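The listed protein sequences derive, respectively, from chains U and B. Take the first sequence: its position 219, counted from the start at 1, is 218 in numbering that gives the first Met the number 0, and no numbers get skipped. Take the second sequence: its position 320, counted from the start at 1, is 319 in numbering that gives the first Met the number 0, and no numbers get skipped.
Everything labelled a hint here was simulated from the structure, so no lab data went into it. These figures come from a predicted structure and were not determined experimentally. Note that the Cβ used here is the ideal one computed from N, Cα and C, for glycine as well. Just to be clear, a hint being listed does not mean it is correct.
Here's a subset of chain B near chain U, in silico, CB distances under 7 Å, partners left out [unchecked claim]:
| # | residue |
| --- | --- |
| 1 | I285 |
| 2 | G320 |
| 3 | A324 |
| 4 | G331 |
| 5 | L338 |
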Amino acid sequence: MSAELALIGPILAAMLAAATPLLFAALGELVVEKSGVLNLGVEGMMLVGAVCGFAVAVQTGSSTLGFVAGAAAGAGMAALFGVLTLFLLANQVATGLALTLFGVGLSALIGQGFVGIPIADVPELYIPGLTDLPVIGKALFGQDALVYLALAAVPAVHWFLYATRKGLILRAVGENHAAAHALGYKVIRIRFLAVLFGGAMSGMGGAFLSLDYTPMWAEGISSGRGWIALALVVFATWKPGRVLLGAWLFGGVTIAQLHVQGLGIDIPSQLLSMLPYLATVIVLVVISRDVARIRLNAPASLGKVFHPDA
Amino acid sequence: MTLLRLEPRGEASRAMVYATPLLAVALTLVSGFLLFWAMGFDPVKALHAFFIAPLMSLRGLGELAVKATPLVLCAIGLAIGFRANVWNIGAEGQLTLGAITGGGLALAFYGEGGWWLLPLMIVAGMAGGALWGAIPAFLRVRFNASEILTSLMLNYVALHLLNYLMHGPYRDPDGFAFPESRLFEADSVLPLLVAGTRVHLGSLFALLAVGLGWFLMARTFIGFQIKVIGLTPTAAGYAGFNQKKIIWLTLLLSGALAGLAGLGEVAGPIGQMNPTISPGYGYTAIIVAFLGRLHPVGILLAGFLMALSFIGGEAAQIALGLPKAITGVFQGMLLFFLLATDVLIRYRVRFGAKRAVVGRAVA
Chain U
0 MSAELALIGP ILAAMLAAAT PLLFAALGEL VVEKSGVLNL GVEGMMLVGA
50 VCGFAVAVQT GSSTLGFVAG AAAGAGMAAL FGVLTLFLLA NQVATGLALT
100 LFGVGLSALI GQGFVGIPIA DVPELYIPGL TDLPVIGKAL FGQDALVYLA
150 LAAVPAVHWF LYATRKGLIL RAVGENHAAA HALGYKVIRI RFLAVLFGGA
200 MSGMGGAFLS LDYTPMWAEG ISSGRGWIAL ALVVFATWKP GRVLLGAWLF
250 GGVTIAQLHV QGLGIDIPSQ LLSMLPYLAT VIVLVVISRD VARIRLNAPA
300 SLGKVFHPDA
Chain B
0 MTLLRLEPRG EASRAMVYAT PLLAVALTLV SGFLLFWAMG FDPVKALHAF
50 FIAPLMSLRG LGELAVKATP LVLCAIGLAI GFRANVWNIG AEGQLTLGAI
100 TGGGLALAFY GEGGWWLLPL MIVAGMAGGA LWGAIPAFLR VRFNASEILT
150 SLMLNYVALH LLNYLMHGPY RDPDGFAFPE SRLFEADSVL PLLVAGTRVH
200 LGSLFALLAV GLGWFLMART FIGFQIKVIG LTPTAAGYAG FNQKKIIWLT
250 LLLSGALAGL AGLGEVAGPI GQMNPTISPG YGYTAIIVAF LGRLHPVGIL
300 LAGFLMALSF IGGEAAQIAL GLPKAITGVF QGMLLFFLLA TDVLIRYRVR
350 FGAKRAVVGR AVA
C-alpha cells in the first residue's frame, strides 16, 4: 500500500507539469478567440518559442531570459499572423496553417546547432515545511515557478475578461465587430493586441517544454500540443476555468501513458502514445455534439474578416 | 486615415488571381536571397544550387515528378474540400494509412503474389486513406466536431500506428530488429515509366486525378454544389443542397487520393515499409492547394514548384551544406506571401488620405 501511495506524489507532480504548456497555450488562444480571431498557428508559435527560449537560455545561461525570449518569439510569430489576417485581410484558417508550417521549418532551422545540448535545470520551489509534506508536498509546493505562473494566469485571464472594462470591450469585439466598430472601438488594434498576447503565451508554453519539461531541444518538440491546446479551448467552451480542467485531464492522460507499462499492463508503447490524440478527439466529440452550447458560447464573430469599409 | 489604405474593388480582379502566385514566388526568392546572405552563404550560389541545379539532368527532372506525384494527389483532394469549406488537414495521416493498408497487402502476400496483387494494393491503399478520412467526416456530420482538429489529431495517431507496425508485425523477420519491412517483390512494385528515372505509374494517377478533379469541379452538378456551399452556405441551404453529403464526399475523396499517394510512395520510390514514409507531403499539399488557387491545373504547376523545394533542399544540403530545414522555411514563406498578396484580388492599395466617396456602387 505504501508503495502505491508513494507513487501518487510524483504522478501528481508530473501531471501538473505536463498540463502547464497546454495551459499557457490554451489560455492565450482563448483570449485570441474571445476577440473574434481564430489562430490555428499555436503549434508553430510554441515551436519557435521553444527553440528561441532554449537558444537564449544556452547563450546567456539564464532560464528566466530564456522564458522571456520564448514569449517574445511567440509574439513575433503572432505579429506576422496579425498583420496578414487583420491588416491584409487574409483567411484566418489558411494563415494559421501557414504559421504552423512556417514555425515547424523555422524552429528546425534555428535549432540546428542546439540539438542534444544539455541545459541546467530550472530551480524548483522549496518552502521548508510545506514542500516536505508527505505525498502531496512535492507536487503542490515543489514545482518550477512557471507551473505556478500558468496556474495564476487562469484567474488572471478570467478576471481580465469578465471583471474589467477592457475585457468587456474585447469580448464585444469578438461577438460583433461591426457594432463595436460603430461604437468607436478600435477593432483591429484590440484584436492585434489579443493576437500578440496569444502568441506570447504560446511561446511561453513552448519555452516551458524546451527549458523545463524535457529539458532539451528536439525538432517538433511540441508534438501536437499546440493543436491539443486549440481543442482545449473548444472543450472549455471558451471559459478559462474549464481550460484548467481540460489541461489537467490531458496532463493526466500524458502521464498515465507513461505509467501504464510500469503497472505491468502489456501494451506497446507506440499504441500508448496515441492516447493524448485519441483523448482529444473524444473530448471534442463529447463537447461539440451539443450544438446549442457551442453556438451559445463561441464568440459570434470568430474567424470572420473585418474591414471597416466593407 | 493613413497614408496607405485598402479600398474594396467592385469585383474580384481576375488578373490578380493569376498574378499573386507569381508575385509570391518572386517575394519568396528575394527573401531566400536575404536569408542565405544573412546565414553567411553566397546567395546566388545557394539559390542556384537550390532551384536550378536539380533541374539540369534527366534524373533531376525525374525526381521532380516523383516528388510532385504525392503532393498533387493529396492537394487535388484537399482543394476540393477547401472549396466547400471542409478543412481536411489530415492528408498526412490519410497518406500514411494508405501506405499501411496497401503496403500491408504486399507483405501479407509476400512470395505468393501474382498480377492481381498490385491492383489490389492500389484499391486497399485508397480504401485505407478513405477510411481515415471517413472518421473526421462522421464526427463532423454526426457530432459537429471540427474536422480541422480531428483530422489533424488522426495524423499523429496514424504515425504512431505505423511506428507500432514497423516495430512489430511489419518488421522484416530477417532484418536485425531494424524497423523496416522486407523489400517488396516485383509483383507489388509500381512499374517505372521513364528509363533512367524513378518516375512510376503513380505519376500517371496524379495526372488522371488532375483531369478528373477538373471535370468534377467544372462540369458536374456535385462540383457546382461544392462551390456554392463554399461561397455562400446559406444560399446552398435554401437551394436544398445536402451539406452533409458534401462533407462525406470531400473527405472520402481526399482521403482516397491521399491513400493512393501513400501507396504510391511505398510501392514506388521506397519499395518497402519504413517509419518515415513521408517528409510531410500531406502538410505541404495544403500549400500546394492554395498556391494552385484550388484549381486542378494550378495545383499541377504548384506541385512541381513545391517538389522543387524538396529536391532543392536536398541538393543544397549536399552541395553547400545548407541545413535541410530551409525547405520548410521556404514553403511556409511562400504561403505567407501568397496569403498576403491575395489581398490585391479584392482590394486596391491606395495612397494618401481617403477622398469623399462619390456615387460608390452598392455592393
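Hint numbers the structure violates, sorted upward?
Failing hint: just 2.
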